[in-house]
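Spelled out from the first residue to the last, the chains are:
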Amino acid sequence: MQEIRIEAPFTREKFASLRAGDNVLLTGVIYTARDAAHKRIVETIAAGNEPPFPLQDAVIYYVGPTPAKEGQAIGSAGPTTSYRMDAYAPTLLDLGETGMIGKGPRNEAVKEAIVRNGAVYFAAIGGAGALISKSIKEAEVIAYDDLGAEAVRRLVVVDMPVIVAIDSRGSDLYER
Amino acid sequence: MRELDVTKIRDAVCTMVQEVNYDLPADVLCAIKCAKGCERNERAAYILDKIEENIRIAGEEHIPLCQDTGLACVFLEVGQEVMLTGGYLYDAINEGVRRGYGDGYLRKSVVEDPLRRVNTKDNTPAHIHVDIVPGDKVKVTVAPKGFGSENMSRIKMFPPSAGEQGVRDFILETVRLAGGNPCPPIVLGVGIGGTFDSVALLAKKALMLPLDHKNEDPFYAKMEEEMLAAINELGIGPQGFGGDTTALGINILTAPTHIAGLPVAVNVNCHVSRHKEVIL
Numbered sequence: 001m002q003e004i005r006i007e008a009p010f011t012r013e014k015f016a017s018l019r020a021g022d023n024v025l026l027t028g029v030i031y032t033a034r035d036a037a038h039k040r041i042v043e044t045i046a047a048g049n050e051p052p053f054p055l056q057d058a059v060i061y062y063v064g065p066t067p068a069k070e071g072q073a074i075g076s077a078g079p080t081t082s083y084r085m086d087a088y089a090p091t092l093l094d095l096g097e098t099g100m101i102g103k104g105p106r107n108e109a110v111k112e113a114i115v116r117n118g119a120v121y122f123a124a125i126g127g128a129g130a131l132i133s134k135s136i137k138e139a140e141v142i143a144y145d146d147l148g149a150e151a152v153r154r155l156v157v158v159d160m161p162v163i164v165a166i167d168s169r170g171s172d173l174y175e176r
Numbered sequence: 001m002r003e004l005d006v007t008k009i010r011d012a013v014c015t016m017v018q019e020v021n022y023d024l025p026a027d028v029l030c031a032i033k034c035a036k037g038c039e040r041n042e043r044a045a046y047i048l049d050k051i052e053e054n055i056r057i058a059g060e061e062h063i064p065l066c067q068d069t070g071l072a073c074v075f076l077e078v079g080q081e082v083m084l085t086g087g088y089l090y091d092a093i094n095e096g097v098r099r100g101y102g103d104g105y106l107r108k109s110v111v112e113d114p115l116r117r118v119n120t121k122d123n124t125p126a127h128i129h130v131d132i133v134p135g136d137k138v139k140v141t142v143a144p145k146g147f148g149s150e151n152m153s154r155i156k157m158f159p160p161s162a163g164e165q166g167v168r169d170f171i172l173e174t175v176r177l178a179g180g181n182p183c184p185p186i187v188l189g190v191g192i193g194g195t196f197d198s199v200a201l202l203a204k205k206a207l208m209l210p211l212d213h214k215n216e217d218p219f220y221a222k223m224e225e226e227m228l229a230a231i232n233e234l235g236i237g238p239q240g241f242g243g244d245t246t247a248l249g250i251n252i253l254t255a256p257t258h259i260a261g262l263p264v265a266v267n268v269n270c271h272v273s274r275h276k277e278v279i280l
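Protein chains in written order, with the working numbering: chain A, 1 to 176; chain B, 1 to 280.
Warning: the hint list may mix true and false statements.
Only pairs whose alpha carbons sit at most 25 Å apart, straight line, appear in this in silico DSS-like list of lysine-lysine [as the list claims (entries may be wrong)]:
id, chain 1, residue 1, chain 2, residue 2
1, B, Lys108, A, Lys69
2, B, Lys108, A, Lys137
3, A, Lys69, B, Lys121
4, B, Lys33, B, Lys222
5, B, Lys276, B, Lys8
6, A, Lys39, B, Lys121
7, A, Lys134, B, Lys108
Everything labelled a hint here was simulated from the structure, so no lab data went into it.
Hey, can you work out the whole structure from these sequences and the hints?
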């Protein structure tokens, strides 16, 4: 199947032509956050403070990797199930986040926020953490170190394989 | 009375939690290859290809198959002629988990309290279940369980009038509701009968049976076969993006139950269906 390469910055303009079902290879900086980190980020914003990374054009990967061995950038790093982030995602999308990477369907509120902001929801292959780790070249914890696997990391990815699950027009691959 | 030092159980747990996170059981790998051969959907075949590549990389480079290296479920069948020595059994198992998850660079995914949620940082405590059986051997099974799929599992206390059809509908409904969330292709363990607590345990034990296992009772063997076909006709497909491959296998375990009840539990597992056992 054909693959579309996209390099950072991950602007809504670059994502606009993507359609649900497209295979995409992402290259550039993305950030990790899952359950506990999302809760903290949204609470931080609500309290009037800065989030741990700039949300403008940010792509957030829902992942809690295994620890890296000597010589590895990261351990196994596949996506976690996305619906648990549905409560927080619209807030981040409205503040400039353009892409989310996870797995599984999203609720209507997230879909509406995707369309409202011209964002994209990508699915990575769940349970393929070893394969996906090969496309992650650098990983650095930048916030919430106390959360362990759930800490926020800055990742440098090269040709990270993802599938467009919900495109900027709201077309949803899970509903076909 | 045969004596068995619990440090042997500790070491077996330590080794197995690592191995099972790098190498998928042969029956699961075989089922994935077989599914790929029959898959007619192009995207589904592409995903199954990637899943196979993941299994190859994990095995060759000892990178965990999935980043959710699981809550360590440890099942023991202890022969009643065995005397366990050298310390408390549960401490030994937890020490095995602690060492295995540390030495193997596996993810620590356990929180101390379900509501206050502070990580225990060593993946303990394990979920331990012990059965006393005849004989003088100890069988240790480790099955790290990921929670993306665990969260999609369901239990229902049916009235007996629901019957076989009620059970079949509940299994299908569980798979339909789970959709793309539990990383299909999935594996299902079904428990029928017993009590509220035991039916869930039956379902979990069913997940540890080989995928090519057939129920010894032809009635349930037929049900397993027909349910697998019905599930794959749902068209959910690998990762929920459509296709012929929604489930790789289903096993059913049953137990006698009360005249007033028909408990059913469906435990959902992903394609990284990990279990490994040793007899000591």
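We went through each hint and held it up to the structure:
1. B/Lys108 x A/Lys69: Status holds; Cα separation ~15 Å.
2. B/Lys108 x A/Lys137: Satisfied, since the Cα-Cα distance of roughly 23 Å is no more than 25 Å.
3. A/Lys69 x B/Lys121: Judged against 25 Å, a Cα distance of about 17 Å means the pair holds.
4. B/Lys33 x B/Lys222: Holds - the C-alpha atoms of B/Lys222 and B/Lys33 are around 23 Å apart, at most 25 Å.
5. B/Lys276 x B/Lys8: 16 Å, holds
6. A/Lys39 x B/Lys121: With a Cα-Cα distance of about 20 Å, the restraint between A/Lys39 and B/Lys121 holds, given a limit of 25 Å.
7. A/Lys134 x B/Lys108: 21 Å, holds
Checked against the numbered hints listed earlier, the structure breaks none of them; every hint is satisfied.
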